[in-house]
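Asks: Below, each chain spelled out in residue letters.
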Amino acid sequence: MNELSPKKLTAKDFATDQEVRWCPGCGDYAILKAVQKTLADIEADPANTVFISGIGCSSRFPYYMATYGFHTIHGRAPAFATGVKLANPDLDVWLVTGDGDGLSIGGNHMLHVLRRNLDLQILLFNNEIYGLTKGQYSPTSRPGTRSPSSPTGSVESSLNPAAFALGSGARFIARTIDTDQKRMPGVLARAHAHKGASFVEIFQNCIVFNDAIFADFTDKAVAADRQIFLEHGQPVTFGKESQFGIRRTPGDLTLEVVNLEEQGLTTDDLLVHDETDHLLATMLVNVSGTEGFPVVLGVICCNPGESYDTQVSTQVEAAQEAKPNADMKELLYAGSTWEVS
Amino acid sequence: MATNLAQSQASDGSDQIASSVDSELESVVIRFAGDSGDGMQLTGTQFTHSTALMGTDLATFPDFPAEIRAPAGTTFGVSAYQINFGARKVMTAGDEPDVLVAMNPAALKVNLDALKPGGTVVVDTGSFGARNLTKAGYDENPLESGDLSPFNVIELDISKMTLESVKEFGLSNKEALRSKNMWTLGLMLWMYGRQRSSVVDWLRGKFAKRPEVADANIAALNAGHAFGETAELSGDLGQRTVGKAEVQPGVYRTITGAESLALGLVAGSKLADLNIMLGSYPITPASTLLHQLANLKQHGVVTFQAEDEIAAICAAIGASFAGSLGVTSSSGPGIALKTEAIGLAISTELPLVIVNSQRGGPSTGLPTKTEQSDLYQAVYGRNGDAPIPVIAASAPGECFFAAIEAVRIATKYMTPMILLTDGYLANAAEPWPIPDFDTLEPFPVSFVEANQEDFRAFRRDETTLGRNWAIPGTPGLEHRIGGIEKDYDSGNISYAADNHQRMTDLRAAKIEALGRDIPEQGIEQGDATGKVAVVGWGSTYGPIYRAVEMARAEGLEVSQIHVRHIWPLPSNMEELLSGFDHVMVPEMNNGQFATILRDQFLIDTFNVNQVNGQPFKVSDLVARIKELA
Ligand code: SF4
Numbered sequence: 001m002n003e004l005s006p007k008k009l010t011a012k013d014f015a016t017d018q019e020v021r022w023c024p025g026c027g028d029y030a031i032l033k034a035v036q037k038t039l040a041d042i043e044a045d046p047a048n049t050v051f052i053s054g055i056g057c058s059s060r061f062p063y064y065m066a067t068y069g070f071h072t073i074h075g076r077a078p079a080f081a082t083g084v085k086l087a088n089p090d091l092d093v094w095l096v097t098g099d100g101d102g103l104s105i106g107g108n109h110m111l112h113v114l115r116r117n118l119d120l121q122i123l124l125f126n127n128e129i130y131g132l133t134k135g136q137y138s139p140t141s142r143p144g145t146r147s148p149s150s151p152t153g154s155v156e157s158s159l160n161p162a163a164f165a166l167g168s169g170a171r172f173i174a175r176t177i178d179t180d181q182k183r184m185p186g187v188l189a190r191a192h193a194h195k196g197a198s199f200v201e202i203f204q205n206c207i208v209f210n211d212a213i214f215a216d217f218t219d220k221a222v223a224a225d226r227q228i229f230l231e232h233g234q235p236v237t238f239g240k241e242s243q244f245g246i247r248r249t250p251g252d253l254t255l256e257v258v259n260l261e262e263q264g265l266t267t268d269d270l271l272v273h274d275e276t277d278h279l280l281a282t283m284l285v286n287v288s289g290t291e292g293f294p295v296v297l298g299v300i301c302c303n304p305g306e307s308y309d310t311q312v313s314t315q316v317e318a319a320q321e322a323k324p325n326a327d328m329k330e331l332l333y334a335g336s337t338w339e340v341s
Numbered sequence: 001m002a003t004n005l006a007q008s009q010a011s012d013g014s015d016q017i018a019s020s021v022d023s024e025l026e027s028v029v030i031r032f033a034g035d036s037g038d039g040m041q042l043t044g045t046q047f048t049h050s051t052a053l054m055g056t057d058l059a060t061f062p063d064f065p066a067e068i069r070a071p072a073g074t075t076f077g078v079s080a081y082q083i084n085f086g087a088r089k090v091m092t093a094g095d096e097p098d099v100l101v102a103m104n105p106a107a108l109k110v111n112l113d114a115l116k117p118g119g120t121v122v123v124d125t126g127s128f129g130a131r132n133l134t135k136a137g138y139d140e141n142p143l144e145s146g147d148l149s150p151f152n153v154i155e156l157d158i159s160k161m162t163l164e165s166v167k168e169f170g171l172s173n174k175e176a177l178r179s180k181n182m183w184t185l186g187l188m189l190w191m192y193g194r195q196r197s198s199v200v201d202w203l204r205g206k207f208a209k210r211p212e213v214a215d216a217n218i219a220a221l222n223a224g225h226a227f228g229e230t231a232e233l234s235g236d237l238g239q240r241t242v243g244k245a246e247v248q249p250g251v252y253r254t255i256t257g258a259e260s261l262a263l264g265l266v267a268g269s270k271l272a273d274l275n276i277m278l279g280s281y282p283i284t285p286a287s288t289l290l291h292q293l294a295n296l297k298q299h300g301v302v303t304f305q306a307e308d309e310i311a312a313i314c315a316a317i318g319a320s321f322a323g324s325l326g327v328t329s330s331s332g333p334g335i336a337l338k339t340e341a342i343g344l345a346i347s348t349e350l351p352l353v354i355v356n357s358q359r360g361g362p363s364t365g366l367p368t369k370t371e372q373s374d375l376y377q378a379v380y381g382r383n384g385d386a387p388i389p390v391i392a393a394s395a396p397g398e399c400f401f402a403a404i405e406a407v408r409i410a411t412k413y414m415t416p417m418i419l420l421t422d423g424y425l426a427n428a429a430e431p432w433p434i435p436d437f438d439t440l441e442p443f444p445v446s447f448v449e450a451n452q453e454d455f456r457a458f459r460r461d462e463t464t465l466g467r468n469w470a471i472p473g474t475p476g477l478e479h480r481i482g483g484i485e486k487d488y489d490s491g492n493i494s495y496a497a498d499n500h501q502r503m504t505d506l507r508a509a510k511i512e513a514l515g516r517d518i519p520e521q522g523i524e525q526g527d528a529t530g531k532v533a534v535v536g537w538g539s540t541y542g543p544i545y546r547a548v549e550m551a552r553a554e555g556l557e558v559s560q561i562h563v564r565h566i567w568p569l570p571s572n573m574e575e576l577l578s579g580f581d582h583v584m585v586p587e588m589n590n591g592q593f594a595t596i597l598r599d600q601f602l603i604d605t606f607n608v609n610q611v612n613g614q615p616f617k618v619s620d621l622v623a624r625i626k627e628l629a
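Going down the list, the protein sequences come from chains A and B. So in my numbering, spot 298 of the first sequence is number 298, and the numbers just go up one at a time. So in my numbering, spot 67 of the second sequence is number 67, and the numbers just go up one at a time.
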């Protein structure tokens, strides 16, 4: 915390004087609010916090955060973040990206930053469309999406971001919804607490080019029946009266939805969420939102391992300790030398 | 047949001069050539090392195939290492070898054309069997056909003698034959009176975990040496003396361009008081720098082998943003991929050193061959008006100082900058007088201190126009930067028309400011006015130096100008060039620097261009100078 301003910061203290330029009604506003609240909640030090983004609507984010920020180039934010953390591992780095920036042009960097387990928080705003370039289909758009570049419908299958992250070796994966102001700060705080790469997919409504694309599970009327919010160590239930649940299909390596009352089951029969279970995470992200299954939200997996930046620093420190007097002269004279007089 | 080596090395417009005393040579050029698997690069490097330790000046030219393990015995698998060493200042690896060591028929076939008429060929007859002859594309054995009659041919069954010398170590036939290169090295060391001890030390170190292999290699080395000593060889294969060079006193080491570059970057970072963060992706011939720096963690160097070229530079820029010295290194194709990020570094005004070890292009081109054809790319190759300083290193040891200059410019002017080297410089070795680090002028950077009143990220130094460097982690200076046009003062996004004009002008003015801070262009040799100025840049320094020296010895009115600061050009450049009737520009490209000179100064240039993957021959340059002088 900045020594000169010991007062506890509020969400407002994390807002800049810059005019926010998203379209009115864009889901990004809600995410911005939740992130500012999260930083206040976790008592983040603005001086030590860096927001890094690529290009796209979501990537304007750093300009609105009263921290350090770097709005970089399309898709490359993970690489910039890597350099920042290698230069100063003590910095707290948040990466803001979208489905086009992070999974299309920057897919390769996303894969590797997750694989390496760099210590940062990745917020992937998934709106299933290219917003800033005016509405073309994206890698997460559903097959058949009609857009200016796919007037007769996209013929590409869509990418599942959480499954991609899991396949890339991510050790922390969570999901949340832009409008879920109640639970998003908690999810983001969890992402922050995890040391290593934390991947958070945020379903974000693009009101202009892809409005209501997530309405089938975000609408108030259906939300309870169409969403599961996972909690570690708790049985997986959903529905207004928690009347539904998920269990491992007896005798099969799959998951199934059950109706407790109708099937005469209790919560003891249900799946208990284990964040550290990689196989379970794989099943959850793959069944999520498919026919009959609700969309899985919350912390899907959290299985910490040593972070990349820590390991790099450890090696550098070990080398420095082994050769505490390494100076330029020693380096210049390394190997065989001879004297000419 | 019995031409004396010494007599064959008359002054003939090349960088090889012999004295008139029999077997007392002023300089000699040897080319070791063999299959990629024959260890020719190691043989050459070890011969070089041993030669340097004796106080002889030298220059080398390693020339290897693009294939890592081409099929054995084929011409495209031939690897060669040329060394020119002598009793005077040696500037190039030599136009034509005096001695060719050919370990197999393919090596003979590929390299025979280069050999000086009357030169000596040492061949391993043991590898001239029918199979190898066919693989090399010989219908007839060249040792019998008379093809070699213009040369002294020394036929030795090196394979057999090597096998005999290592018999006692119980190695397999295949493994035993690997020592062939050491046997040959032993013979050549004997021939030129070089010491074996440095090679022995090196073998012990290299094979510390397999002492029997070290022993076998040492035995082969000694056997080759003993062969020379005891076989009563004379005449063609007699011992020769190469005198010591009259070089400036001091402590020396051998150094390649890649080594010198790594040392220079570390030295620059220490002078700037920063840690290095190198982002790099493997590419020939630039990877050596990554390897070198990866070994210097004790100096606070962090290396990041990125997933691709783009990530490599982006990480380096991120590191600079966070207060390290960001460095990225690649070759032409990789630099092309980095282009967008270079623009961001220009726009956000962050220091960054971009090293391009140039190779033959376009596209994948000739990865292992040298060229200077990325100059347009460096000076012009970006979207938008995006000026960037460019400097070029001219010799292996000089890479050290060029790297320091690059760090100085990048940090003082808050700008990315490009340092050009090439494949030849990266791999070539030379003896290097070790500089005294303590005499180098430090240029420590100062980050903006915490909690400045009225802090603005894009306020700048009035003279250099370098902006404030305020790094994350500093309380009270929180700010945002990015690639969208920024307000001149605050650095906030600005789409204002006037502001963009002002920022574009500012980026150009920064380069002009740097132009006032670089040394005036000097003259390497000759007068400040005259008939011909030979203007070069980069690794052509050696051949141009020798060519001008020779032309001047013949009384021609020619001067040498060698440019380090390519962009901006030194402020006196125009005036300097105007003092000459002709400006000759030799380049290993199709005339790129000449374009810049013509564009900047509206002058005519006489272009000498070569893109055959080889350094210029001194004799060719002398001939071209004579056309003008
Ligand atoms: S285009 Fe869509 S995503 Fe972009 S700001 Fe507008 S509503 Fe938001």
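Think of the hints as simulated: they come from the structure by calculation, not from any bench. Treat the hints with care, since some could be wrong.
A few chain B residues that don't get close to chain A, going by computed Cβ distances all over 10 Å [unchecked claim]:
(1) V200
(2) S363
(3) D438
In silico DSSO-like pairs for lysine-lysine, Cα to Cα no more than 30 Å straight-line [unchecked claim]:
(4) B/K531 / A/K329
(5) B/K412 / A/K329
(6) A/K195 / A/K37
(7) B/K297 / A/K329
Note that CB positions come from ideal geometry on N, CA and C, so glycine has one too.
Asks: The structure should be examined with respect to each hint, and the outcome stated for every one.
Replies: So, going through the hints one by one against the coordinates:
With a closest Cβ-Cβ approach of about 12 Å to chain A, B/V200 is found to remain outside the 10 Å limit, as its non-interface label requires. Under the 10 Å C-beta cut-off, the non-interface status given to B/S363 relative to chain A holds; the minimum distance is some 21 Å. Distance check on B/D438: its Cβ comes as close as 8 Å (rounded) to a Cβ of chain A, failing to clear the 10 Å threshold; non-interface status is violated. For the suggested pair B/K531 and A/K329, the alpha carbons sit about 45 Å apart, so the restraint of at most 30 Å is broken.
A threshold of 30 Å between alpha carbons decides the hint, and for B/K412 with A/K329 the separation of about 25 Å falls inside it, so the pair holds. As the CA atoms of A/K195 and A/K37 are separated by approximately 20 Å, the hinted pair is consistent with the 30 Å bound. Under the criterion of a C-alpha separation no larger than 30 Å, the hint pairing B/K297 with A/K329 is consistent with the structure, at around 16 Å.
Comparing the model with each numbered hint stated earlier shows that hints 3 and 4 do not hold.
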